[in-house]
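Q: Given next are the chains, with one letter for each unit.
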Amino acid sequence: DAKTTQPPSMDCAEGRAANLPCNHSTISGNEYVYWYRQIHSQGPQYIIHGLKNNETNEMASLIITEDRKSSTLILPHATLRDTAVYYCIVRVREKAGNMLTFGGGTRLMVKP
Amino acid sequence: NAGVTQTPKFQVLKTGQSMTLQCAQDMNHNSMYWYRQDPGMGLRLIYYSASEGTTDKGEVPNGYNVSRLNKREFSLRLESAAPSQTSVYFCASSERSWGAMNTEAFFGQGTRLTVV
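From first to last, the protein sequence lines stand for chains C and Z. For the first sequence, my numbering puts the final residue at 250, and the numbers step up evenly by one. For the second sequence, my numbering puts the final residue at 119, and the numbers step up evenly by one.
There's no promise every hint is true.
[As the list claims (entries may be wrong)] For the chain Z half of the interface with chain C, some residues (derived, Cβ under 7 Å), not all of them: (1) G45; (2) L46; (3) F93; (4) E107; (5) F110; (6) G111; (7) Q112; (8) G113.
[Claimed, not checked] So, partial list: chain C residues that the calculated Cβ filter (under 7 Å) puts toward chain Z: (9) G181; (10) P182; (11) Y184; (12) F240; (13) G241; (14) G242.
In short, the hints are calculated from the structure, not lab data. Quantities reported herein were computed from a predicted structural model and do not represent experimental measurements. Glycine included, C-beta positions come from ideal geometry on N, C-alpha and C.
All chains, please: the whole structure from these sequences, using the hints.
A: This is how it looks when you write it as structure tokens:
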């Protein structure tokens, strides 16, 4: 089963790029990497996902290594409103079937 | 566009009381989920419904029951509340089942439940 490892916390200066790493060394070939964030106990918010190619949308970029064992979420110009817990998620096959499991995430603090 | 709506937003129960948390989505999604989040922790899946008419246990189903009333609504019931069920409960929906498919999920704003 694929699982993810993220640093528990990171700081970033406002206006700078925030690079959030994630290790998923046991990911299977057909499993997507998803990123969500949770701002101050609100419901989690979808950011981006990818399979093997790098992806970019209006919120962030996702860089996945060629061997797919790790990825990096990039917020190009972090603002104070980006302070949140960021979750890197890969499908976990459990007895219950297909589902996504949230780990501890990375608490990103954007500082002025 | 409301997305995923949860009611109530806050609730205090006494030990042994029962209650039902309601969740409705207006995006015509097939799959719906219930998670709980304890202070300082990540989300843990309680139950999910891959499609209308089906429900399955997640990681922490004990003490809960669910009903997929129709495609829009997925309720979570606590038959006899315990202090260990004090948590924030999130409902989510997605067009298709996660994991096997390339799809994102949308979350409600949560129900903050305290059991005393």
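Q: Look at each hint and say if it fits the structure.
A: Tested hints:
no., hint, result
1, G45, "4 Å, holds"
2, L46, "4 Å, holds"
3, F93, "5 Å, holds"
4, E107, "4 Å, holds"
5, F110, "3 Å, holds"
6, G111, "5 Å, holds"
7, Q112, "5 Å, holds"
8, G113, "6 Å, holds"
9, G181, "3 Å, holds"
10, P182, "5 Å, holds"
11, Y184, "4 Å, holds"
12, F240, "4 Å, holds"
13, G241, "5 Å, holds"
14, G242, "5 Å, holds"
Of the hints listed earlier, there is not a single one the structure fails to meet.
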